[in-house]
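Colleague: Below are the chains, spelled out letter by letter.
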Amino acid sequence: MKTLLVIKKQEYEWLIDLLPGVHPLLVPICNKPFIEFLVDFAILAGSDALRIVSDGVLGSVEHYCENGSRWGVEISYGSMRPADDIYTVIEKNRRFCLEERVIIISGFLFIRYNKKSEYASLFTSLPSGELLSCPHGSISLTGTSTTKTETPGTLPFSLAALDSIGKYYELSMEILRTGLTHYVIPGYSSEEDCYIGRNVIIQKSAEIIKPVIIGNNVQIMTNSIIDSNSVIGNNVIIDRESFISGSIVIGNTYIGEHLEVKNKIAAGNLLIDPESGTSIVMEDPHLLTAMTQSRVAGALLRRVVHALGATFLILLLLLPWLLLRPILGLQGKWKRKREQYFTRLPGKNVTLTNTTIECTGVLSALAKALSLDRFTLLFKVLSGKLALIGNQPLPVNPAIPLLPNTHAVYRPAVFSYAEAEEWPEIGIDTEIVEHYYAVHSDPLKDIAMTQKALFYRTH
Amino acid sequence: MIFHLDTSTTQPLGVVLLKKRVDANNSSELQKAFAQWLQQTSNFVFDCTKLDFIDSSGLGAIVSCLRKALEHQGDVKLAALGPKVAMVFELTKAKKLFSVFSNSSEAIQSFRTVSPK
Amino acid sequence: MNISEKTINNYTIISLKGILNASSAPKLKTYIAGMPDEQSLVIDLENVEFLDSSGLGALVGIARKKRTSRAVMKLARMNERVKKVFEITQAYTLFDIYDDVSAAAEV
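Residue numbers (my numbering), protein chains in the order written: chain A, 1 to 459; chain B, 460 to 576; chain C, 577 to 683.
It is worth saying that the hints were derived from the structure and are not from the lab.
Predicted model only: the values in this text are computed from it and were never measured.
Glycine included, each C-beta is placed from N, C-alpha and C at the ideal position.
Worth double-checking, as some hints may not be accurate.
Claimed, not checked - Pairs of lysine-lysine residues, derived as DSS-like cross-links and limited to a Cα-Cα distance of at most 30 Å, are as follows: (1) C:Lys582 with A:Lys452; (2) C:Lys660 with A:Lys9; (3) A:Lys445 with C:Lys605; (4) C:Lys659 with C:Lys641; (5) B:Lys555 with A:Lys210; (6) A:Lys368 with A:Lys445; (7) A:Lys368 with A:Lys385; (8) A:Lys32 with C:Lys659; (9) A:Lys348 with B:Lys543; (10) B:Lys478 with A:Lys210; (11) A:Lys167 with B:Lys554; (12) C:Lys605 with C:Lys660; (13) A:Lys204 with A:Lys368; (14) B:Lys491 with B:Lys478; (15) B:Lys543 with A:Lys32; (16) B:Lys479 with A:Lys262; (17) A:Lys262 with A:Lys204; (18) A:Lys167 with B:Lys543; (19) B:Lys509 with A:Lys348; (20) B:Lys479 with B:Lys555; (21) A:Lys452 with A:Lys368.
Stated by the list, open to error - Label-pair distances were calculated between CB atoms; the ranges are: (22) A:Ser121 with C:Asp613: 19 to 25 Å; (23) A:Asn349 with B:Glu488: 21 to 27 Å; (24) A:Glu99 with C:Lys603: 34 to 40 Å; (25) C:Ser678 with A:Asn349: 50 to 56 Å; (26) A:Pro285 with C:Glu622: 48 to 54 Å; (27) A:His440 with B:Arg526: 55 to 61 Å; (28) A:Arg303 with C:Lys641: 19 to 25 Å; (29) C:Glu622 with A:Arg198: 41 to 47 Å; (30) C:Lys593 with A:Asn349: 46 to 52 Å; (31) C:Arg657 with A:Glu339: 35 to 41 Å; (32) A:Met291 with B:Glu530: 50 to 56 Å; (33) B:Lys554 with A:Ser190: 36 to 42 Å; (34) C:Lys593 with A:Glu339: 29 to 35 Å; (35) B:Gln490 with A:Leu319: 50 to 56 Å.
All chains, please: the whole structure from these sequences, using the hints.
Modeller: Spelled out as structure tokens, the structure:
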């Protein structure tokens with residue numbers, strides 16, 4: 001038996017908007033990443049291989065699940081196009097689907113199951129075709145069964161589509177109240193409705209009321225109350241005299257003193273009301289904050305190298321700039337526009353002056369060849385606002401916020417990698433080159449790429 | 460921030476329309492203005508219809524307005540809290556300190572029925 | 577880099593072997609340019625040992641050309657190394673990718 005998981009970006013995009021920074025397949029439900037519920041189910045159903053197919057980015061999912069050896073199941077990954085139907089997906093994975101029976105789970109679905117039920121023999125005996133479906137997806141089976149049986153009227157599993165934050169919340173509460181024994185939930189448990197992780201510090205005066213799930217590395221400070229039906233994620237601090245009830249606190253969150261979190265979802269500095277879907281970004285670090293991991297040391301080296309490179313270019317171009325800038329300015333060929341751009345940090349913007357030089361005459365051609373239009377931007381490298389080479393800065397557009405997976409590799413810069421390559425600088429092509437170098441670059445290569453960019457810009 | 464005196468009630472009533480954001484940048488403005496309004500009346504309705512965001516200093520300012528009004532035997536009532544603003548009031552338990560109404564006319568009406576001492 | 581060719585159904589299957597980078601990408605481009613524009617292709621990547629951004633650029637270029645001449649270009653049998661490049665660049669959104677050559681050469 002094998003399992004093919006088909007999940008389209010369109011089906012889970014809403015969750016990225018609400019909980020940026022986590023791939024929807026890794027969003028925790030009762031402190032267990034969503035994908036693990038599906039992996040568990042595939043294994044219970046007797047699968048020895050699982051393939052996850054999506055038209056969206058699977059990088060972080062792959063990073064988390066790897067080849068599946070942790071669970072003793074072979075996990076592989078495949079891609080599809082947004083318009084592909086299920087038959088096309090099966091064709092694209094023909095080698096995987098060949099010879100064996102395959103359970104196909106299509107859609108951003110939670111499968112309710114019970115780890116104590118017997119699924120392996122059930123799935124080998126079920127006839128092929130669709131087993132269950134709901135408006136947002138289905139579960140079906142290919143291949144022929146060993147024994148001839150009809151699909152039973154009721155199956156020992158059911159589907160719950162994840163299509164809104166309200167559903168996510170309801171589902172978490174449902175598992176917490178009635179389903180904890182049906183699934184493998186992380187943490188230590190001596191009672192049915194209470195799971196506590198490693199390295200958890202609970203002050204004497206704090207009060208915890210079941211049912212509750214608490215993750216690893218959690219601190220619950222003096223006089224705080226964790227009321228029933230709460231899920232506290234990993235690396236969470238609940239500060240003094242706060243009250244949490246019927247709420248989900250996603251990992252890496254700090255909840256300040258004297259607060260009351262009732263029937264909410266808290267994630268970093270985000271507070272979401274699951275009932276209305278309203279979410280707010282808290283700007284006060286003493287109320288709610290995301291606990292971020294410290295930056296990689298390599299980033300510092302890169303910054304130093306970029307600053308040195310920028311200094312060098314500033315010294316080199318200062319004289320030509322002083323000479324050409326006033327002349328072109330007088331001729332009206334030096335055009336400037338100030339615009340807001342996204343920075344590396346979510347929620348922070350930077351104002352940049354965009355210079356365009358009208359390309360007529362020898363002087364403006366010379367200014368362009370020397371990249372004088374980027375001259376003033378070089379100072380932003382010194383202040384650390386821009387990198388010397390990286391991505392083209394993306395203008396702020398409130399309608400299109402930066403996606404977290406874009407953010408992870410986004411480094412706005414004076415020159416872009418796409419300019420250093422002979423690739424056409426348009427849309428998706430630019431993105432491809434920039435993504436490539438965001439991963440495959442180091443400070444020294446950056447200097448070489450800057451030279452290339454300067455060179456190609458003169459042509 | 461727009462202030463006007465509503466005289467439809469037995470006692471003059473200060474109606475304050477809060478706009479966009481009350482945060483660290485403008486919370487002191489509110490407090491300063493409130494001290495002046497307090498010379499005209501001690502009963503207020505803060506209409507939050509147009510308020511989109513509030514942070515802890517904004518919240519602090521509104522709570523201090525309430526405290527000053529109470530010192531003058533008055534009250535500050537809140538009207539039309541948007542979902543986002545309401546979440547901050549609930550999170551910080553500040554909501555418990557205020558009488559909250561779904562719109563400003565209800566809040567004004569409430570001063571009429573129970574006239575403060 | 578070695579290029580070999582065979583035909584399944586109406587598709588020309590191009591199998592690449594070796595390194596697809598800045599120095600070998602032009603070879604692939606000229607090879608494809610020697611074929612009729614409207615010939616549909618499946619490019620078998622199983623034996624590609626290394627792919628860089630120029631190699632990827634060549635594949636993107638070929639796919640775009642095929643699309644304008646109403647032909648199809650599909651990719652088949654990506655190995656882990658190639659997959660990684662497609663993953664980080666999110667280039668997979670531009671291609672139809674199959675795990676089997678004959679499946680790709682149908683329809």
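Colleague: Now look at each hint and say whether the structure bears it out.
Modeller: Do the hints match the structure? See the list:
no., hint, verdict
1, C:Lys582 with A:Lys452, "violated, 39 Å"
2, C:Lys660 with A:Lys9, "holds, 19 Å"
3, A:Lys445 with C:Lys605, "holds, 27 Å"
4, C:Lys659 with C:Lys641, "holds, 22 Å"
5, B:Lys555 with A:Lys210, "holds, 26 Å"
6, A:Lys368 with A:Lys445, "holds, 24 Å"
7, A:Lys368 with A:Lys385, "holds, 23 Å"
8, A:Lys32 with C:Lys659, "holds, 28 Å"
9, A:Lys348 with B:Lys543, "holds, 21 Å"
10, B:Lys478 with A:Lys210, "violated, 42 Å"
11, A:Lys167 with B:Lys554, "holds, 27 Å"
12, C:Lys605 with C:Lys660, "holds, 23 Å"
13, A:Lys204 with A:Lys368, "violated, 69 Å"
14, B:Lys491 with B:Lys478, "holds, 16 Å"
15, B:Lys543 with A:Lys32, "holds, 29 Å"
16, B:Lys479 with A:Lys262, "holds, 26 Å"
17, A:Lys262 with A:Lys204, "holds, 23 Å"
18, A:Lys167 with B:Lys543, "holds, 20 Å"
19, B:Lys509 with A:Lys348, "holds, 24 Å"
20, B:Lys479 with B:Lys555, "holds, 23 Å"
21, A:Lys452 with A:Lys368, "holds, 15 Å"
22, A:Ser121 with C:Asp613: 19 to 25 Å, "violated, 55 Å"
23, A:Asn349 with B:Glu488: 21 to 27 Å, "holds, 25 Å"
24, A:Glu99 with C:Lys603: 34 to 40 Å, "holds, 37 Å"
25, C:Ser678 with A:Asn349: 50 to 56 Å, "holds, 51 Å"
26, A:Pro285 with C:Glu622: 48 to 54 Å, "holds, 52 Å"
27, A:His440 with B:Arg526: 55 to 61 Å, "holds, 60 Å"
28, A:Arg303 with C:Lys641: 19 to 25 Å, "violated, 41 Å"
29, C:Glu622 with A:Arg198: 41 to 47 Å, "holds, 43 Å"
30, C:Lys593 with A:Asn349: 46 to 52 Å, "holds, 48 Å"
31, C:Arg657 with A:Glu339: 35 to 41 Å, "holds, 40 Å"
32, A:Met291 with B:Glu530: 50 to 56 Å, "violated, 40 Å"
33, B:Lys554 with A:Ser190: 36 to 42 Å, "holds, 38 Å"
34, C:Lys593 with A:Glu339: 29 to 35 Å, "violated, 48 Å"
35, B:Gln490 with A:Leu319: 50 to 56 Å, "holds, 54 Å"
Checked against the numbered hints above, the structure breaks hints 1, 10, 13, 22, 28, 32, 34 and satisfies the rest.
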